[in-house]
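Novice: Following numbering that gives the first Met the number 0, the numbering of the sequence shown begins with 0 at its first residue and continues without gaps.
Hint data in this document are derived by calculation from the structure and do not stem from the laboratory. Small disclaimer: the values here were computed from a predicted structure and weren't measured. There could be a bad hint or two in this list.
[Stated by the list, open to error] Ranges between beta-carbon positions, derived for each pair: (1) Leu15 <-> Ala47: 26 to 32 Å; (2) Lys26 <-> Gln49: 24 to 30 Å; (3) Lys26 <-> Gly48: 26 to 32 Å; (4) Phe33 <-> Gly12: 17 to 23 Å; (5) Gly25 <-> Ala47: 14 to 20 Å; (6) Gly16 <-> Ala47: 19 to 25 Å; (7) Leu15 <-> Gln49: 16 to 22 Å; (8) Ala28 <-> Gln49: 27 to 33 Å; (9) Gly48 <-> Gln14: 15 to 21 Å; (10) Pro19 <-> Phe41: 14 to 20 Å; (11) Gly25 <-> Gln49: 32 to 38 Å.
Heads up, the beta-carbon is just placed ideally off N, CA and C, and yes, glycines get one too.
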Amino acid sequence: MDRLPLILYQPLGVQLGFVPFLFLIGKSAGDILFMGGLSSVFSVLISAGQLRRYGAATYYIPRGV
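Take these sequences, add in the hints, and give me the full structure.
Specialist: In structure tokens:
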């Protein structure tokens with residue numbers, strides 16, 4: 000696939016930033032899994048709403064030059 004929708008990248012970005020932060024502040028593994036999963040769900044819902052509002056053309060990552 001040449002271009003993946005940004006909606007697939009946003010949950011990954013949320014996880015890469017949020018989960019290490021939870022670990023550093025001393026949360027348990029269960030809390031990290033629950034809160035990390037919940038943040039991914041919210042990210043997907045927000046992205047889907049933006050996709051619906053602004054259209055698919057604005058939500059694709061352009062190909063490299």
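Novice: Each hint should be assessed against the structure and marked as holding or not.
Specialist: Comparing the hints with the structure gives:
1. At roughly 20 Å, the beta-carbon separation of Leu15 and Ala47 lies outside the given 26 to 32 Å, and the hint is violated.
2. One distance hint, 24 to 30 Å for the beta-carbon pair Lys26 and Gln49, holds here, with the actual separation near 29 Å.
3. Separated by about 28 Å at the C-beta atoms, Lys26 and Gly48 satisfy the suggested range of 26 to 32 Å.
4. One distance hint, 17 to 23 Å for the beta-carbon pair Phe33 and Gly12, holds here, with the actual separation near 19 Å.
5. Checked against the given bound of 14 to 20 Å, the beta carbons of Gly25 and Ala47, roughly 33 Å apart, lie outside it.
6. The hinted range of 19 to 25 Å is satisfied by Gly16 and Ala47, whose Cβ atoms lie roughly 20 Å apart.
7. Between Leu15 and Gln49 the beta carbon distance is about 20 Å. The supplied range of 16 to 22 Å therefore holds.
8. Roughly 32 Å separates the CB atoms of Ala28 and Gln49, a value that falls within the hinted 27 to 33 Å.
9. Separated by about 20 Å at the C-beta atoms, Gly48 and Gln14 satisfy the suggested range of 15 to 21 Å.
10. Hint check: Pro19 to Phe41, Cβ distance near 18 Å, so the stated range 14 to 20 Å holds.
11. Between Gly25 and Gln49 the Cβ separation comes to about 33 Å, which falls inside the hinted range of 32 to 38 Å.
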